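Q: Kindly generate the complete structure, drawing on both the sequences and the hints.
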Amino acid sequence: MLPLPPGVPTAVPVTYYLILSAILFVIGGAGFLYRKNIITVFMSIELMLNAVNLSFVAFAYKFNKADGHIYSFFVMVVAAAEAAVGLAIILTVFKNRQTLEIDDVDSMKL
Amino acid sequence: MDAILFFLFATLTVICAINMVLQRHPISSALSLIGVMGSLAVLYLLLGGEFIAMAQLIVYSGAIMVLFLFVIMLLNSGAEPKRNRHKILLFLGAPLLVILLGLVGYFIQTQIPANEMVKFGSWESGPGKPAFGSPQNVGMSLFTSYLLPFEITSVLILIAILGAIVLARKEID
Chain Z
3 MLPLPPGVPT AVPVTYYLIL SAILFVIGGA GFLYRKNIIT VFMSIELMLN
53 AVNLSFVAFA YKFNKADGHI YSFFVMVVAA AEAAVGLAII LTVFKNRQTL
103 EIDDVDSMKL
Chain E
138 MDAILFFLFA TLTVICAINM VLQRHPISSA LSLIGVMGSL AVLYLLLGGE
188 FIAMAQLIVY SGAIMVLFLF VIMLLNSGAE PKRNRHKILL FLGAPLLVIL
238 LGLVGYFIQT QIPANEMVKF GSWESGPGKP AFGSPQNVGM SLFTSYLLPF
288 EITSVLILIA ILGAIVLARK EID
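Order-wise, the sequence lines are chains Z and E.
Each residue of the first sequence is one higher than the one before, starting from 3 at the first, in the working numbering.
Each residue of the second sequence is one higher than the one before, starting from 138 at the first, in the working numbering.
The set of hints was computed from the structure by calculation and includes no laboratory data.
Nothing here was measured: the structure is a model prediction, and the numbers come from that model.
Careful, some of the hints might be misleading.
Straight-line Cα separation of at most 20 Å, SDA-like style, residue types lysine to any residue; simulated pairs [claimed, not checked]:
#: 1; chain 1: Z; residue 1: Lys38; chain 2: E; residue 2: Gln160
#: 2; chain 1: E; residue 1: Lys256; chain 2: Z; residue 2: Thr12
#: 3; chain 1: Z; residue 1: Lys67; chain 2: E; residue 2: Met191
#: 4; chain 1: Z; residue 1: Lys64; chain 2: Z; residue 2: Thr17
#: 5; chain 1: E; residue 1: Lys219; chain 2: Z; residue 2: Lys67
#: 6; chain 1: Z; residue 1: Lys38; chain 2: Z; residue 2: Ala90
#: 7; chain 1: E; residue 1: Lys224; chain 2: Z; residue 2: Phe96
#: 8; chain 1: E; residue 1: Lys307; chain 2: Z; residue 2: Phe96
#: 9; chain 1: Z; residue 1: Lys67; chain 2: E; residue 2: Ile249
#: 10; chain 1: Z; residue 1: Lys97; chain 2: E; residue 2: Lys307
#: 11; chain 1: Z; residue 1: Lys38; chain 2: Z; residue 2: Met110
A: Written out as C-alpha cells, the structure is:
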C-alpha cells in the first residue's frame, strides 16, 4: 500500500457508485434522444443497461448479498439476446431500405 | 488507495461515455463503449463482484461488442450526417435529463446513509461480514434460489437464436 498524503480519502461511500450509475444512465439517455444512427442508438441502450447493472452491484455490496450479482448476470444474458435479435433487425432494415438513419425509417410499410 | 482507483476509473467511464455520445462515426462510438465496459468491470471488482467483473469482460466487451463491430463493418456504416429536424427535442430533452439526474442524486443523498465505506476485497469473508461476490457464492445462489429463472433464460436464448436466424437469413426463392 502506498503512503497517501493527508487529506486524500482512502475509501468512498456506496452512494458515489450510485451517483456514477445515475450519470451514466443520463448520458445513455442523451445518446438515445439525440443520435440519429440506429446502431449508435442501440449502443446507448446498452450503456443504460450497464448503468443499471452498476446500481445492482452497488446495492449488493450495501446489503451483503449475492442477489444483486444474480440480477446483474440476468441483465447481461438478456442484453446478449437483445443484441443478437436487435442487430438482426437492423440488418433486415438496411437490406430493405439501404439506410441507417432513424429519421428515414418512419413508415412501417415500404 | 480504493478512492484513487474509484475516481480514476469513474472519470474514465464518464469520459468514454460522453465520447461515445459525441462521436459521429459508429466505430468510434463502439470503441468508446468498450472503454466504458472495461472500466465498469474494474468498478465491479472494487465492489467485491469477482464473478460479475469477469462476466462483464467476457460477455459485454467480448461477445456483445464484437457483434456490434461485425454489424457496423458489414453494413459499411459511415459518419452520421449533421441534421437538426427536431428542435423541440433539443430544447426539451436536455433539461428533462438534467432534472432526472438531479432528482436521482437528491434521493440517493437523502435516503442512503453515506457512512458505509467500500472496502476492496469483499469476496473474502471478514469479521462480521459474509462473503457474497465470489463465483462460489454466486453459483450457489444461482443454482438453488434462482434455478427457475436460470432455466427460463435458456429458453429465452434459444428463442433469440431462432429469431436472429429467421430475421437475418437470405430469402430463397
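Q: Does each hint fit the structure? Answer for all of them.
A: Checked hints:
{"no.": "1", "hint": "Z:Lys38 with E:Gln160", "in the structure": "holds (12 Å)"}
{"no.": "2", "hint": "E:Lys256 with Z:Thr12", "in the structure": "holds (9 Å)"}
{"no.": "3", "hint": "Z:Lys67 with E:Met191", "in the structure": "holds (18 Å)"}
{"no.": "4", "hint": "Z:Lys64 with Z:Thr17", "in the structure": "holds (10 Å)"}
{"no.": "5", "hint": "E:Lys219 with Z:Lys67", "in the structure": "violated (47 Å)"}
{"no.": "6", "hint": "Z:Lys38 with Z:Ala90", "in the structure": "holds (19 Å)"}
{"no.": "7", "hint": "E:Lys224 with Z:Phe96", "in the structure": "violated (27 Å)"}
{"no.": "8", "hint": "E:Lys307 with Z:Phe96", "in the structure": "holds (13 Å)"}
{"no.": "9", "hint": "Z:Lys67 with E:Ile249", "in the structure": "holds (17 Å)"}
{"no.": "10", "hint": "Z:Lys97 with E:Lys307", "in the structure": "holds (10 Å)"}
{"no.": "11", "hint": "Z:Lys38 with Z:Met110", "in the structure": "holds (18 Å)"}
The structure fails to meet hints 5, 7 from the earlier list, while all remaining hints are met.
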